[in-house]
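Using the sequences and the accompanying hints, generate a full structural model.
Chains as they are written, first to last, in the numbering used here: chain A, -13 to 408; chain B, 743 to 1019.
Simulated from the structure, these hints should not be mistaken for lab results.
When the alpha-carbon atoms are kept at most 20 Å apart in a straight line, the in silico DMTMM-like pairs for lysine to aspartate or glutamate are as follows:
1. B:Lys752 / A:Glu318
2. A:Lys299 / B:Glu1004
3. A:Lys145 / A:Asp110
4. A:Lys75 / A:Asp138
5. A:Lys302 / B:Glu754
6. A:Lys145 / A:Asp167
7. B:Lys907 / B:Asp844
8. A:Lys170 / A:Asp110
9. A:Lys75 / A:Glu136
10. B:Lys848 / A:Glu17
11. A:Lys75 / A:Asp129
12. A:Lys195 / A:Asp167
13. A:Lys145 / A:Asp72
14. A:Lys75 / A:Asp143
15. A:Lys21 / B:Asp910
16. A:Lys170 / A:Asp55
17. B:Lys907 / B:Glu1011
18. A:Lys195 / A:Asp358
19. A:Lys170 / A:Asp72
20. A:Lys170 / A:Asp143
21. A:Lys310 / B:Glu753
22. A:Lys21 / B:Asp844
23. A:Lys145 / A:Asp83
24. A:Lys145 / A:Asp173
25. A:Lys302 / A:Glu318
26. A:Lys21 / B:Asp911
27. A:Lys299 / B:Glu1011
28. B:Lys848 / A:Asp397
29. A:Lys310 / B:Glu754
30. A:Lys75 / A:Asp173
Here are some, though not all, of the chain A residues that point toward chain B, as calculated from beta-carbon distances under 7 Å:
31. Asp45
32. Leu229
33. Arg241
34. Ala243
35. Leu248
36. Pro316
37. Gly345
Below, a sample of chain A positions facing chain B; criterion: calculated Cβ distance under 7 Å:
38. Trp235
39. Thr236
40. Ser237
We treat Cβ as the ideally placed atom computed from N, Cα and C, and that holds for glycine.
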Amino acid sequence: MRPEVPLTSPSLAAPLGATGTSLKAQLHRAERMRKLRAFALVLPLLVFLLITFVAPILDMLRLAVVDRDLSSVWPHVTQSIGAWTDRSKVPPPAVFDALATDLHDSYHARTLPLAARRLNYALDNGRTLVFGTARRLPETSADWRATLIEIDPHWGDLKTWAAIDQASGPVTSFFLLAAVDRQKTADGHIVSTPSSQAIYVEVLTRTFKVSFTVTLLCIVLGFPVAYLLATQPPRRANLLMILVLLPFWTSLLVRTAAWIVLLQEHGIINHALVWLGIIDAPVRLIYNRIGVYIAMTHILLPFLILPLYSVMKGIKPSYMLAAKSLGASPTEAFIRIYLPMTLPGIGAGALLVFILALGYYITPALVGGAADQMISYFIAFYTSDSVNWGMASALGSVLLVATLLLYWVYDRLVGISNVKLG
Amino acid sequence: MAAGRQYLTKEERFWRMALYVTSGLVLFFLMAPILAIVPLSFNSGTFLTYPLEGLSLRWYHAFLASEQWMRALRNSFIIGISSAVLATALGTLAALGLTRADFRGKGLIMAILLSPMIVPVVIVAVGFYFFFAPLGLTASYTGLILAHTALGTPFVVITVAATLKGFDDNLARAAASLGAAPVTTFFQVVLPLIAPGVASGALFAFATSFDEVVVVLMVAGPEQRTLPREMFSGLRENISPTITAVATIMILVSVVMLASLEMLRRRNERLRGIRSA
Chain A
-13 MRPEVPLTSP
-3 SLAAPLGATG
7 TSLKAQLHRA
17 ERMRKLRAFA
27 LVLPLLVFLL
37 ITFVAPILDM
47 LRLAVVDRDL
57 SSVWPHVTQS
67 IGAWTDRSKV
77 PPPAVFDALA
87 TDLHDSYHAR
97 TLPLAARRLN
107 YALDNGRTLV
117 FGTARRLPET
127 SADWRATLIE
137 IDPHWGDLKT
147 WAAIDQASGP
157 VTSFFLLAAV
167 DRQKTADGHI
177 VSTPSSQAIY
187 VEVLTRTFKV
197 SFTVTLLCIV
207 LGFPVAYLLA
217 TQPPRRANLL
227 MILVLLPFWT
237 SLLVRTAAWI
247 VLLQEHGIIN
257 HALVWLGIID
267 APVRLIYNRI
277 GVYIAMTHIL
287 LPFLILPLYS
297 VMKGIKPSYM
307 LAAKSLGASP
317 TEAFIRIYLP
327 MTLPGIGAGA
337 LLVFILALGY
347 YITPALVGGA
357 ADQMISYFIA
367 FYTSDSVNWG
377 MASALGSVLL
387 VATLLLYWVY
397 DRLVGISNVK
407 LG
Chain B
743 MAAGRQYLTK
753 EERFWRMALY
763 VTSGLVLFFL
773 MAPILAIVPL
783 SFNSGTFLTY
793 PLEGLSLRWY
803 HAFLASEQWM
813 RALRNSFIIG
823 ISSAVLATAL
833 GTLAALGLTR
843 ADFRGKGLIM
853 AILLSPMIVP
863 VVIVAVGFYF
873 FFAPLGLTAS
883 YTGLILAHTA
893 LGTPFVVITV
903 AATLKGFDDN
913 LARAAASLGA
923 APVTTFFQVV
933 LPLIAPGVAS
943 GALFAFATSF
953 DEVVVVLMVA
963 GPEQRTLPRE
973 MFSGLRENIS
983 PTITAVATIM
993 ILVSVVMLAS
1003 LEMLRRRNER
1013 LRGIRSA
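In structure tokens, the structure reads:
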């Protein structure tokens, strides 16, 4: 069809003599120009996204491993901690001297809170240790090691020094390890975080569990609707399609607001259930897992119905008729002939729903309780409420990697540009 | 199909009934929240529950009288329209390039161009916040518009590329052979024919921005709060019935967008029909 196609056929590329090569070269050049022009059209958007989208995300990944908070305010001790080679004992006296200098300097420069905050990420008592010691620090001492341990015996703990060592920058694995509930000991071994502080593995498991349940609910609820839409005459199918598309196009916040109104203790659903005699007194349907499941399933259901519908549309009814004419019962024909042909649609829809569910933040934040928050909630929390960008970035990296892996699978199986938008 | 109804076996009739009942219930589940919240916005009482105490427009008056909500409405449209215009321009160009030729790395470029659709918004918001806060782009309209443009472009690329697949390249070649410059060909021949697709893409981009709240939560200052952002705080604190009025207005906007999209789809089919006739 296109003029460049014959280029690849051997009849033209083969022996044409001197003028032939020049024709070939000309065609080559024209083809290259065409590709270049096409690329030039894509370039503005590519550059725009690299700046506003890719670079910020890469920067977030960088922040998950960069750690300069402590070294910027405590330059001496973070430099000299390299002298701490025998990890079974506390560091040599020089390191204690450096610490005393830094404590003294940062106390007067009022940068102590920065150091205290960073150490508090790794140590339960980090803040009190730093402030308490700085306040009671004498002007001079002949033996800083003895003095500091006397002021607060925690300076004699290997744990304290391991924390300083890991916070001394410029890069650290602290945040990434913490994001999977792991930490490094003084001698460099990676161990599980004590169960009293370990929360992120649970949050991650919860995120996957909620996403999985919502995906399952979407398959169960979406299949009959997609089937109905695919088998009705076009006019009626179009009308029914509006019932799927209108909620799809309605703002997420509007739908979440509606569910809060419907599910609250004195809301419509509780009233209806009491009136029907199903329950005696209003039950709690919101600010718990039930509310999260209901609202998220409602919001994500169209993402399953639409791709499944378009796959089912392509299944010819004659297959079913053939199965029946060969003696299959309708149920048998459906299970053995129709269902297997819908699997690509179910797979595409389910994967899309699962990927989208993983990153959910707003809906669980509004209709869930404290025990229902997913990983996105903690990323947002560490960014704006408790300013710990390292932790926010580390958790963000974990979520990003999980999403990109699934995106890759989706792209392989379905092709990302085949997403159906209704 | 309809003629065969009387020949259905008992088994088939059972499954058909089961299908109607379950799909009916699921469709009701999909529509219920929308159906439930609209009447509540006309309630004269302050309780968000049925039966209504009486009909009134007081919550709409409250919405219109509130400086805060009006600013949010303005912001939603300013940010939504600006980012839709930008996304449409960038996305349409890219779609033209992507459908015109195969070049090296096209698969990877495509994956990057469409990834804003897949990457969790919270990551986009956090990344944008960390990266652009030092440049003073947080708490500014520019920052929000840029972020929302990035989120909206994949929808433009997909919609326009799909429309271009049905475009007959010979039309552009004919224009070129008659002496039209590429830019003239684009505006005189290509754009009028793919206009419905471009407009659909613009609608998708606008809807993306109009619905977005996570980026606004992190990047916007008090001056740039949008409708979803105000709804978010409203739902977190105490739910005033004014929210039901806002919700109803936003549902109305969705209905208008959905209707326009359907209109554009039909127009696109008509344009293609003419071509193949």
